[in-house]
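Residue numbers (our numbering), protein chains in the order written: chain A, 1 to 464; chain B, 465 to 928; chain C, 929 to 1139; chain D, 1140 to 1350.
Rather than coming from a laboratory, the hints here were simulated on the basis of the structure.
Careful, some of the hints might be misleading.
Between beta-carbon pairs, the in silico distance windows are [what the hints assert, rightly or not]: (1) B:Ser520 / D:Glu1195: 37 to 43 Å; (2) D:Lys1209 / B:Asn518: 56 to 62 Å; (3) A:Ala452 / D:Gln1144: 49 to 55 Å.
With a Cα cut of at most 30 Å, we get these calculated DSS-like pairs of lysine-lysine [claimed, not checked]: (4) B:Lys679 / A:Lys237; (5) B:Lys582 / A:Lys423; (6) B:Lys679 / A:Lys422; (7) A:Lys237 / D:Lys1164; (8) C:Lys962 / C:Lys1018; (9) B:Lys578 / B:Lys701; (10) C:Lys962 / B:Lys887; (11) A:Lys118 / B:Lys847; (12) B:Lys847 / B:Lys894; (13) A:Lys430 / D:Lys1277.
This one's a predicted model, so the numbers in the text were calculated from it and none came from an experiment.
In this text, a Cβ means the ideal position worked out from N, Cα and C, and glycines have one as well.
The residues making up each chain are set out below.
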Amino acid sequence: MPVAANPPNLAITTLEDFRFGLCPKPVVCGRGVEIGTGNVVPEVNFTLSPIDINESTWSEIRSEYQEMIEGVCERAVDLEVPALLVEFETLPPMTVRPEWGAQITQLLADTLEKHFQKHGLISALRLTPNDTRDHIRPPLMRRGEYWDGMLDLFQRAPDCGADLLAIESTGGKEVCDEALMTGDLRTVVFALGVLAARDMEFLWGEIVRTCHGTKTIPSGDTACGFANTAMVLAEQKMIPKVFAAIVRVASVPRDLVAYRMGAKGPSKDCAYEGPYVKAIAGVPISMEGRTSACAHLSHVGNIAQAVCDCWSNESVQNLRLLSANAPTVSMEQLAYDCRLMNVANSHSSEDARRLRNLLVESDARSDPQAYVLDPAVVLKISKKIIQEESPYLQTRTAAHAAIEVLKEATDSEELRLSTREKKWLDRLEKEMESLPESEEELIEEMLSSDIAKKFIPGEYGITA
Amino acid sequence: MPVAANPPNLAITTLEDFRFGLCPKPVVCGRGVEIGTGNVVPEVNFTLSPIDINESTWSEIRSEYQEMIEGVCERAVDLEVPALLVEFETLPPMTVRPEWGAQITQLLADTLEKHFQKHGLISALRLTPNDTRDHIRPPLMRRGEYWDGMLDLFQRAPDCGADLLAIESTGGKEVCDEALMTGDLRTVVFALGVLAARDMEFLWGEIVRTCHGTKTIPSGDTACGFANTAMVLAEQKMIPKVFAAIVRVASVPRDLVAYRMGAKGPSKDCAYEGPYVKAIAGVPISMEGRTSACAHLSHVGNIAQAVCDCWSNESVQNLRLLSANAPTVSMEQLAYDCRLMNVANSHSSEDARRLRNLLVESDARSDPQAYVLDPAVVLKISKKIIQEESPYLQTRTAAHAAIEVLKEATDSEELRLSTREKKWLDRLEKEMESLPESEEELIEEMLSSDIAKKFIPGEYGITA
Amino acid sequence: MADMQQLYDAVLNGDANLARSVTEKAIEDGFPPKDLLDSYMIPAMDEVGRLFEEDEYFVPELLISARAMKSALEILRPLLAEGGVEPVGKVAIGTVKGDLHDIGKNLVAAMLEGGGFEVIDLGVDVGPEKFIAAVKEKGVQVVAMSALLTTTMPSMKTTLQEIQAAGIRDQVKVMVGGAPVTERYASEIGADAYSDNASAAVTIARSFVNG
Amino acid sequence: MADMQQLYDAVLNGDANLARSVTEKAIEDGFPPKDLLDSYMIPAMDEVGRLFEEDEYFVPELLISARAMKSALEILRPLLAEGGVEPVGKVAIGTVKGDLHDIGKNLVAAMLEGGGFEVIDLGVDVGPEKFIAAVKEKGVQVVAMSALLTTTMPSMKTTLQEIQAAGIRDQVKVMVGGAPVTERYASEIGADAYSDNASAAVTIARSFVNG
Ligand SMILES: [Zn+2]
Ligand SMILES: [Zn+2]
Ligand SMILES: [Zn+2]
């Protein structure tokens, strides 16, 4: 799987050019939403409050989505947002029954269109079918009812008003989950660099093919099931933060597969590794942080904003807060966040960079997960990643480079780490040393271990 | 009621010196929380989710507060906030039964102290007894069971761990509510400049006396029941935004009474008119905006932050969001907001002013309520306010100056207003012209109108 | 001859004096009171409601229209009663026990009056017994409850339970509203309707009395 | 003589080989199996739980300790059974119907095993019938349910209702957990306990089987 033939180059080569709202390969979608041409676009996502999804509750569910999108649109109009991106991430039953997913997509698209007609609200809709393939273990990645349902929903996307198609793909997660809990970096690298990368090549081939010739743009993926799981576990003090930081960087090569296969961006909001994707592939990225605290607590609340092109709340339930429903509240918060960035951008690139630097400095020194999102660090590690040719070697290099950078930063006291975090950093460094040069060797090792019980090699194009 | 004898001066005279985190008269409180000396301090407030408050639910209520404060403290420690302010605003039954209010105050204070001992979390607790005097109409402002209960809770404050005492006083609200709905600026000026100001002189005299000789600092008040009611009605498109903006400015003289009587600040978070208080009285101010969207939608989300000393979420119910309970989520968002400002402050005053200017520009031109919070506008109007000697004349001048400023800004197209807003601005200007020079004249007029049924003159020291 | 378009305009523009004088003139001229109400005044208030919903009117404009309507109605009401014409319907409205907020409640009350309803305003901090008495003694067909605090919302539930216990639940329709109240909460506690704004409340109340 | 402090340390440090060899030696030396368990292994796991709660250990350390404990237990279990010693208790654990998340559930399972419980892991997407079968056929005293989605939380309620309907509610204690679950929700649906972390879950399960 060669990645690049010529001496590789980053899409963004200098810190000067690494900014919020601007990227080398902008995307225009929906009712004229421009992403990456100057304005950061708010991306709002919302979900149901606790409810059982079945035939008898379906009409209630439809009206709940209607209520949420109306509230969001009204507020977007009132606050005069220059453009709005709405993401609809299906809940599992809506991928399993793709006509349900399509119905809600249509409902949202219609309401966005209505507000465009009535108030000129410029908007686009991103559809993210929930990846249901891991509903059976070991999962079938390329066949079976779950795959069929997902593919069906992909194919319906253009007709039901989805302007962007995305996914949070789960290939390799069946192996990664336990590895995260046991701090087993070797297996994590296998899950990300071998299984996830192979799955994404297949999956994104299908997604891009489905969008071909339609108005629906294949957008992006996220290592949510891997790096965000690690982040959340680290926030709960279950696993070391340095481990989560390394997993974050190691997830970059996996994400890149989508863009190599034809995805155009923006990346998915919860892909906190987005800055690497932007630096390497040049596509616009969606990010989340402070204003997605409703969905994820994190130590990267401000720094995540530094080079974003869309800025998201991740997801919020339709709860009634003191002022309004939570999705409306998220809309308002994102609108103000984006205003600040867009005012800075409209002033001067100097002002924009100053604001970016404040966002970076506010978090970078206090947490390794924040430190690896510092744009300067991103460029440094990205350069190393693109020297490698296969996703596996890229992943190995990414993890290695992350460890190296974190050790240097700790030694120079640019980054504060607790003693137990430092111990883990040493331990993980040692573990990395023994990772083989050859992907085949690692595959063989995994196939002859207990890990082999957890996945089906053929589903990843691995022939024993 | 003379306000100043000598030729009056603002506490902050230049735009240079008008910044977030810094004020002429800082406050130190609680376990070493410094307000106004450089760092903006997050102020978190939270409240119960729907529940009936009575004997049988009381233990559940206690544990709900315990859960909320624990979540907030844990997150504050994790995010290493330099200092934390927690506000406890009692619900009506907790002022009516002051021992209930005192119990929760103690519980919160104990938990803050525990986290100070264990993790070094620097914190202070603000107690804001709910002003229950308007539970009967017309209200008794200086006697009766509601007054007694409130006074009792004030007196308990020092013993139950309250570091700051505040109130959202309601004197004059019984007259103002309907005037807001009918767009009757004349009566609003009477409510704010005559009734509210007189009530606050009495009430704050009592509060300051109660705090005297204790560690509890009399902090501040807010025109919440007036100007925020107007703001919320304007957000719901019930009343014109220009009207709400004028009411905001007209509420300043009323607020100032508290500081003249001995309150030290910080002002109450929901007093969006705070910048005027800071400019005139030099005390630190608490503000809220974008991150209090959970409690108030507004058009001042960023500009409200421009010169704050504390930054608040206003209030949020104890709902479970996808990540954590809502108070914990608010804590995280405020922590990141403050980090950004504090990083800017620690860089240079130049950087801090630049960030302030971005916050201002992001909102000022699109809404009159935002426009009157522009620090330059605040200084301009404040200078006029302090030329007057009585709260009534100050209020008249404040409203007048606000109208003038808004008309100028509209004419110069510095501010965008819809046609129907412009019409209202003209209408309100005319109404102002007929406001008498003398307070006595206005009182007499009101006493001989229907308004007289709504309040008891003697409760405001008005002798017929 | 009285120009009836003037009556429509007087209500629309909130000119109480004109509304009153045109009404008096029309009565003199022998117009049937019920026609005045149904063909000019209520349509004018409907237009006011529409202008408000379309963001043309603010509440102050809406309230002066409601006042103009009311002052004309004061003339018509006795004549209508003589002719055996009942008000559109009777509504008892109040903010529930423990809650002192009255702005939203007053607005709904004014809109209902503007819509031709007879409105019994029970005020704020209204216990279940007062709502029940209004149904039993005043024969109201609709009870409208408002709550502005999450801690007073439970009073809505209590009130509904006591209305049930009093055996009058089938004589009355109950609608609820206020910032923290949701459609879902309304149906959970068994209310007949929820409204998130004043003019929708009038539409709902009409559907109750016609339905 | 086997050094029993070594067994304690082996569990504490997660050294499975050492834990196994010391256990074998101790058995040879005639130590009563139940003493090994009660005086060294369970106290070691309690210390592990404490270190985790005090932010000294991460989950990986905790899991290797649990593995060390388990490998020693494999030697002890048949001997304990011969001596008529039962496991501390039997727990059936699973993520509820419709929910595929297993990280939290696996962690609780590992901690329970470390705490001396026999754990029947029913996996993910577990319907009520499987929980019921575990009670009826395997005699578990505790059912532990996990849900990670707000849309699958209702399955907890359904499961509890079916346990009730199956007439076995009084034979079993039910505990629930997972990100969206709250103390209040737990008590609303009639669960016996709620835990927001794995080591508290062990404490609660112990109180159930001792209580
Ligand atoms: Zn995600
Ligand atoms: Zn307030
Ligand atoms: Zn407040």
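Self-check item: Given pair status - Lys1164 of chain D, Lys237 of chain A, alpha carbons within 30 Å
Solution: violated (37 Å)
Exercise. Check the following: the C-beta atoms of Ser520 of chain B and Glu1195 of chain D are separated by a distance inside 37 to 43 Å.
Key: holds (42 Å)
Quiz prompt | Whether the CB-CB distance between Ala452 of chain A and Gln1144 of chain D falls inside 49 to 55 Å | solution = With Cβ atoms ~38 Å apart, the hint is violated.
Quiz item: Does the structure keep Lys962 of chain C and Lys887 of chain B at a Cα separation of 30 Å or less?
Solution: The hint is violated at about 36 Å.
Quiz prompt | Proposed proximity, Lys1277 of chain D with Lys430 of chain A (alpha carbon, max 30 Å) | solution = violated (44 Å)
Quiz item: Does Lys962 of chain C pair with Lys1018 of chain C here, judged by a C-alpha cut-off of 30 Å?
Solution: holds (17 Å)
Practice problem: For the pair we were handed, Lys582 of chain B and Lys423 of chain A, check the Cα-Cα distance against 30 Å. | Solution: Measuring from Cα to Cα gives roughly 24 Å; hence the hint holds.
Quiz item: Regarding the pair Lys847 of chain B and Lys894 of chain B, is the alpha-carbon distance no greater than 30 Å?
Solution: holds (23 Å)
Self-check item: Proposed proximity, Lys237 of chain A with Lys679 of chain B (alpha carbon, max 30 Å)
Solution: The given pair, whose Cα atoms are some 37 Å apart, is violated under the 30 Å limit.
Quiz item: Going straight from one Cα to the other, do Lys118 of chain A and Lys847 of chain B come out at no more than 30 Å?
Solution: Violated: Lys118 of chain A and Lys847 of chain B sit about 44 Å apart, past 30 Å.
Quiz item: Can the restraint linking Lys578 of chain B and Lys701 of chain B be considered satisfied, given a maximum Cα separation of 30 Å?
Solution: The given pair, whose Cα atoms are some 46 Å apart, is violated under the 30 Å limit.
Quiz item: Does the alpha-carbon distance linking Lys679 of chain B and Lys422 of chain A stay inside the 30 Å limit?
Solution: violated (43 Å)
Violation of the numbered hints given earlier is confined to hints 2, 3, 4, 6, 7, 9, 10, 11, 13; the remaining hints are satisfied by the structure.
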